[in-house]
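Required output: the full structure, derived from the provided sequences and hints.
There are 2 protein chains.
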Amino acid sequence: MAIRLSAQAEDFEARFRELLSSKREVSEDVDHIVRDILEDVKRRGDAAVLDYTARFDRLQASSMAELRVSAEEVAEALKQVPQKTLDALELARDRIHSHHARQMPKDDRYTDPIGVELGSIWTAVEAVGLYVPGGLASYPSSVLMNAVPAKVAGVERIVMVVPSPDGVLNPQVLAAAHIAGVSEIYRIGGAQAVAALAYGTDTIAPVSKIVGPGNAFVAAAKRRVFGTVGIDMIAGPSEVLVIADETANPEWIAADLLAQAEHDAVAQSIIITDSADLASAVEQAVEGQLKTLPKAEIAGASWRDFGAVIVVPDLDAAMPLSNRIAPEHLELAVADPEALLKKVRNAGAVFIGAHTPEAIGDYVGGSNHVLPTARSARFSSGLSVLDFVKRTSILKCNADNLRQIGPAAVALGEAEGLAGHARSVAIRLNL
Amino acid sequence: MAIRLSAQAEDFEARFRELLSSKREVSEDVDHIVRDILEDVKRRGDAAVLDYTARFDRLQASSMAELRVSAEEVAEALKQVPQKTLDALELARDRIHSHHARQMPKDDRYTDPIGVELGSIWTAVEAVGLYVPGGLASYPSSVLMNAVPAKVAGVERIVMVVPSPDGVLNPQVLAAAHIAGVSEIYRIGGAQAVAALAYGTDTIAPVSKIVGPGNAFVAAAKRRVFGTVGIDMIAGPSEVLVIADETANPEWIAADLLAQAEHDAVAQSIIITDSADLASAVEQAVEGQLKTLPKAEIAGASWRDFGAVIVVPDLDAAMPLSNRIAPEHLELAVADPEALLKKVRNAGAVFIGAHTPEAIGDYVGGSNHVLPTARSARFSSGLSVLDFVKRTSILKCNADNLRQIGPAAVALGEAEGLAGHARSVAIRLNL
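Taken in order, these protein sequences are the chains called F and W.
Residue 286 in the working numbering sits at position 32 of the first sequence, and the numbers go up by one each step.
Residue 277 in the working numbering sits at position 23 of the second sequence, and the numbers go up by one each step.
Don't read these hints as lab results, they were simulated from the structure.
Do not take every clue at face value.
Below, simulated DSSO-like cross-link-like pairs (lysine-lysine); rule was C-alpha separation at most 27 Å, straight line [said to hold, decoys possible]:
1. W:596 - F:277
2. F:296 - W:277
3. F:360 - W:360
4. W:360 - F:596
5. W:296 - F:360
6. W:597 - F:597
7. F:360 - W:596
All values derive from a computational prediction rather than experimental measurement.
Dropping the structure here:
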């Protein structure tokens, strides 16, 4: 059973702070191992990747070419996936594509009042690596959520890596790659795959950016190669916050809380409500639904250890708490969700109204399900087309306007002790 | 004297690769020291910051309040800076402000063909920490380039930290902070300042994002706190690439190359030209100008060790090389710069035409001078308003359109083995 807090209790602030700082991630100290793997792949390339793949994934191969997934294997995988799943993946791809197309930034070029031309030009990252975990967390929906925005941005080369422990690959993941238009796929994983993407090997040309979730080794490797390549966020365990009032259906809310909780024993589901009756009904519904949930053990542990039911005197009191939690997913299951939406400051994604369960956003809503976790919505955004483009700023002076603003640049160069800076302007003004 | 390469020489590709991989940064291994400092500040807060400040900056203080820069000190600093410098800083601030105001992203909310509402809402990061180095690299222009975009974005709280070794603070930096509207300033630096900003102490409330350049300790600390807070890029040594043809003035180009070189002995200045005559004239002009440059020692070392003059058969051959270099700064000093601009793929900022020396962009052009170094323009952009805002995506289904797309979500939830996900949708559809 999740904890229950009342915003009017005397110890509420202390208990809420405790909830905010609850440490859900076990930070394994794998950094020294990862450092050695990165160095080794940098030095020995393909040979090192083959060694680690044999050791960690128990997959023997005599060359990297063998580890590349062939078109025939992809075709075979497509046959293994039910048509219903393929149709759903295609619907998801199309909806993700059309939503993300709206995010494409536009070039801007203009002349300011004194005649200086300025602007911004956007171009796609040329090559992107997409990490897909093996085993349990190998989700076809995640392949779409990472690959489709890259395609929309115009990335020419997308390289997918996915480990196949003991040679087992999820055919759904290959199907999703095919549906997203990804064709360069290697069955490698871990820090060695991150290193191969970042530094390149004889077989794998290096990429400029690496995205996608992974375990502690992958996260540590991404953190270390950051700078050599770009990386997306370091994802933590997932979380949902549901704000609900007396109009909410407790069974629906319970289902949403458990959908989050079934991800991981360290996932977190929180409900804030102004109705103590709803709070009790949801608690009861959670217990009831847990009885028939296949992943009841995981979901139950998450709900017991990290779940929370917070009762507030009125909905106005909910939003400041929500903004402090900065949830990855925020559901507004209230009579007037738009009023609350106006007050959202920190949240990865908002699901508005009774008929928008968070799981719709995981799959077919069209928005991205790669969202900032662990309170990072305070400073970061979900994955978007912007993660696959970069901006070049442009500046163009002529002799006239250089004469107007140049002397100030000369003054600042001199003030900063950079006479060479000052000279490069002054020499053009015959100063 | 810089190296000279000819694109038509047989060994060109090998030598160009060598240039690309020239290691300009000495990566000091300070990570274990930084880890301990971060842990200590996290645990002991203000007391730890005071201890490190006494030890590293030789600045004794009995409380953090003492280390806060007072309004009186700022007023005193303003008096010490010449009016000419203040005027130039104000011109710079205004031009930076008006350029960055155009970068503010707009909210987007729309209804798709089947009636699902989607959108993106942008909000400012609530609190940002701005690191300003002490000593030599303490530049007032950098204060403006970091603080003004944050102001434009709507960041409510900007906290500046700047170490004052032996108690010495650059009055220009305080003046720039004042001109940018930054009023919460602490004279602390190093990893301890980064930790105070990220974790908070009794005196300093934590921020959500930390920006600004720093030494190896600061860079390592930013890398470690990434996740707890957001960070900007990890800046490396600066570089310029000038593409010039026979129409270019060799003295002007030489001045631009040296303006870059004077930053740092590991800065890099490269010229690519289709004119061997210009190449020789520029080489000569560099030697001439070095004789009178105050920072001749630094600039000379940079030019000798990392400078390069590349002669290409025609300007078409220049752009692919430029895109591989992915320069922080790219000057197009040619008769038809717009033709080359169309081919720019990887560059932090482009300076177009003979009358746009890069130094204009450092100070008063209006665009940002915080730009991706060390080839990171392949995957990242210069600092902008986007670094101080974040996007919340929104999704709103009604009963009708949930009935249309819900079944596909149920199918994917089931395919991924997430029955709780499937149920949270199915329960609303009475499936």
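How the hints compare with the structure:
1. Pair hint residue 596 of chain W plus residue 277 of chain F does not hold up; C-alpha atoms about 50 Å apart against a cutoff of 27 Å.
2. A distance of roughly 15 Å separates the Cα atoms of residue 296 of chain F and residue 277 of chain W; the hinted pair therefore holds under the 27 Å criterion.
3. Restraint check for residue 360 of chain F and residue 360 of chain W: the C-alpha separation of about 12 Å stays at or below 27 Å, so the hint holds.
4. Taking the CA atoms of residue 360 of chain W and residue 596 of chain F, the gap is about 15 Å. The hint holds against a cut of 27 Å.
5. This hinted pair does not check out: residue 296 of chain W and residue 360 of chain F have alpha carbons roughly 42 Å apart, beyond 27 Å.
6. At most 27 Å may separate the alpha-carbon atoms for a hinted pair to count; residue 597 of chain W and residue 597 of chain F exceed this at roughly 44 Å.
7. The straight-line distance between the Cα atoms of residue 360 of chain F and residue 596 of chain W is roughly 15 Å, inside the 27 Å bound, and the hint therefore holds.
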